[in-house]
Amino acid sequence: MLKKSGITMLLIIMVFLSACGSNNGNNAESSAPASSSSPSESASASPSESPSASKEPVTIKALMYTPNGGQEETMKAMVDAFQAANTDVTVDVEVVPYADYETKLNTLLASGSAPDIFEVGYENFRKYAEKDLLLDLNPSIEADASFDPGIYKKLAYDAFNYNGKQMGVTESFSDVVLYYNKDLFDAKGLAYPDASWTWKEELEAAQKLTDAKAGVWGTYAPIQFYEFYKTIGQNGGGVWDAGGKPTINSPANVEALQWMIDKASKYKVSPALNDDTFNQPDADLNAFVAGKIAMVRFGIWNFGRFKDAPFKWDIALEPGNTQKAHHFFADGLTASKTTKHADAVWRFLKFYTSDPAAVSKRIEAGWSVPAVADDAVMEAYYKQTPPESKKIVTEALDSLVLPPVGPKPEMWGEFTGAVGEELDKAKFGKSTAQEALDAAQKKVEELLSK
Amino acid sequence: MVGQRKWNRRIAAFVFLLPALIGLAAFQLLPMASSVIISFSDWDLLSKWTQIHFIGWDNYADVFKDDKSYTSIKNIFIFLIGYMPFITVLGTFFAVLLNRNIRGIKFYRAAVFVPVITSWVAVSIVWRWLLNGQSGLVNYLLSLVGIQGPIWLQDDFWAMVAIIAVTVWKDIGFVSIILLAGLQDISDDYYEAADLDGASAWRKLWQITIPLLSPTLFFVVTISLINSFQLFDQVLIMTNGGPAGATSTIVEQVYRNAFQFNKMGFAAAQSWVLFVIIFSVTMVMQWLQRRWVVYER
Chain G
1 MLKKSGITML
11 LIIMVFLSAC
21 GSNNGNNAES
31 SAPASSSSPS
41 ESASASPSES
51 PSASKEPVTI
61 KALMYTPNGG
71 QEETMKAMVD
81 AFQAANTDVT
91 VDVEVVPYAD
101 YETKLNTLLA
111 SGSAPDIFEV
121 GYENFRKYAE
131 KDLLLDLNPS
141 IEADASFDPG
151 IYKKLAYDAF
161 NYNGKQMGVT
171 ESFSDVVLYY
181 NKDLFDAKGL
191 AYPDASWTWK
201 EELEAAQKLT
211 DAKAGVWGTY
221 APIQFYEFYK
231 TIGQNGGGVW
241 DAGGKPTINS
251 PANVEALQWM
261 IDKASKYKVS
271 PALNDDTFNQ
281 PDADLNAFVA
291 GKIAMVRFGI
301 WNFGRFKDAP
311 FKWDIALEPG
321 NTQKAHHFFA
331 DGLTASKTTK
341 HADAVWRFLK
351 FYTSDPAAVS
361 KRIEAGWSVP
371 AVADDAVMEA
381 YYKQTPPESK
391 KIVTEALDSL
401 VLPPVGPKPE
411 MWGEFTGAVG
421 EELDKAKFGK
431 STAQEALDAA
441 QKKVEELLSK
Chain X
1 MVGQRKWNRR
11 IAAFVFLLPA
21 LIGLAAFQLL
31 PMASSVIISF
41 SDWDLLSKWT
51 QIHFIGWDNY
61 ADVFKDDKSY
71 TSIKNIFIFL
81 IGYMPFITVL
91 GTFFAVLLNR
101 NIRGIKFYRA
111 AVFVPVITSW
121 VAVSIVWRWL
131 LNGQSGLVNY
141 LLSLVGIQGP
151 IWLQDDFWAM
161 VAIIAVTVWK
171 DIGFVSIILL
181 AGLQDISDDY
191 YEAADLDGAS
201 AWRKLWQITI
211 PLLSPTLFFV
221 VTISLINSFQ
231 LFDQVLIMTN
241 GGPAGATSTI
251 VEQVYRNAFQ
261 FNKMGFAAAQ
271 SWVLFVIIFS
281 VTMVMQWLQR
291 RWVVYER
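Line order of the protein sequences matches chains G and X. Residues 1 to 450 in UniProt numbering are what the first sequence lists, from first letter to last. Residues 1 to 297 in UniProt numbering are what the second sequence lists, from first letter to last.
Hints listed in this document are in silico derivations from the structure and should not be mistaken for laboratory results. Check the hints yourself; a few may be wrong.
Computed footprint of chain G on chain X, listed as stretches where at least three residues anywhere in the stretch have a Cβ under 8 Å from a Cβ of chain G [as the list claims (entries may be wrong)]: (1) 19–26; (2) 133–143; (3) 199–211; (4) 255–261.
Ideal placement from N, C-alpha and C gives every residue a C-beta, glycine not left out.
Chain G extracted, bound-state conformation (with noise of 0.2 Å):
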């Protein structure tokens, strides 16, 4: 009797706690509002362009990260539509968070079981051109009458361009810039960050705003990597020279850095560096729902998440030091080389990325920016509000930084990985801002040289 009580006892404590894991793992990856466009508003769009759908029907398989953190019903919406017109063709897709996406990818590729489609971002898209795993589209293209490639802009449709070969479509762009709690500002009488600050005029509000008794801080930035080739872009820094040698320990670069850590340790106007909370993923952006940060970089990416935050917010352009800089990344679809549904991909991909019934979804959840030339597209896009400076998006274009791929594009991961390491250290106050970076150039100049 006893002996069975015991038994049923731990059966009891397992299933409760192993419910209790995966729970937290759904919760993580689901705390995302729904979107406010529904399928059915799509199903009578475009049908002129659908071809004959007596082919023989077909299932596509795609793989993305962009719809993961809030837009995955955006993103179904955009595929039901495709479906609508297309009825010979399912898609299949997964969605992944990006920090697990290239694993997975690369996973798939290496064992043959590739995605039909996958997205890949403008950084890591030549190193998987060069591995020769990407469709060359151009057949599709030229097969295809129907299609003009000036209805995409044409900076961001050539990014996709191979040695001459179509081996993408960029489906959207985006950027980062400055957030700012205008309820904050009003409370302590202060003017709006503008296009003329720069990092002093930053820190002097930031130094007002802040009141660390009441856990509000006046400006954040993570310390990271993409966050530091930005911000050396704003003190004139670079990874790279014009040669393609790296800069890393630059004094352009060691200023940045320092500049970096000063905001938390110097200043106190940032969370300490050292803060469990805000090192933990989205923390920041809780912290702005929260009205606990008065000036935050965030992607463009986010506005559909404080579409009913309790206080008035805005955007602005980033304060630089000496110059401006502003993160610009661009995400495109792909299609594998092994894929046997050459037709249905291509369909999919002009769909997905250009369909007015797709674009107009992506524009009313407040997603990203097509790559589309139509004005009138961007003219809608302007009109969602909030923030009300929505033209800031176009703005930040003027003085944008690609990620700095550098002459090695296929050891991207490691680099980033190998500078990332050193920030860290710089971080946690293991090393000055100098030898940080003296280390990081060292470690490059390794790689480099492999």
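Model the placement of chain X on the given structure of chain G, informed by the hints.
Just chain X, lined up with the frame of chain G:
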């Protein structure tokens, strides 16, 4: 006739073993064999077989040139220094406590064993919350007794302490259940004889319990050592090898090189170096066992 029968039995045995053998060959032996080949190549996960070059011992040479390999091995030894004494001493202690006939002993045994059967991923996430420097329960409890807790997982010393503590917490159940079985194997006759001779409890522990438990202890120590060298799950989730590499481990490096940096050949070489380390440690343990392990029969 007899020979024929023997053969039949062998074939039958083989057929019954076949399902297990196929699994072993497909998922253990084949990957192991290919990892030897990969470790001499520059395969980067994405290249096709035709694009691979064999580069001799270069990967192995690189492993010994790689600072991070040394850091991860050093971290494992730091981990062992903290982990092994706790797991053996506490494990024995719990085993002795659980080796009694008191009310609800089944419950206590089950309770100690629960962490063992829980997934490492789940407990790591829970512990990450509990150990949060600002809002974690652990630091709240410490503050009640007037101690300001460290920011556990962001501090290079305390992060390792936390990893050790959580691993001890999770493994203690396994170790004590094994040791408990060992304890129950010791015949009461020895204790009765010792009681007649008027031996103290201390003396009984050192002269009877420990020697007779030593084969089980040896097993537990060996298994714990091997597992420690393969430290991975909790590190990846709780600290991701950080802060700044302070909890980076060998398997974590293998994973990172293989699946994040796509250096399959290098990672394969690294895992074979790990194999050699574990193999040598186990051999040393085997050799040492002659000095302290007592077999009854």
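Consistency of the hints with the structure:
1. 19–26: violated (count 0)
2. 133–143: Coverage by chain G holds for the stretch 133–143 of chain X (4 residues, Cβ < 8 Å).
3. 199–211: Per the Cβ count (0), the hint is violated.
4. 255–261: Result for this restraint: holds, n = 4.
The structure fails to meet hints 1, 3 from the earlier list, while all remaining hints are met.
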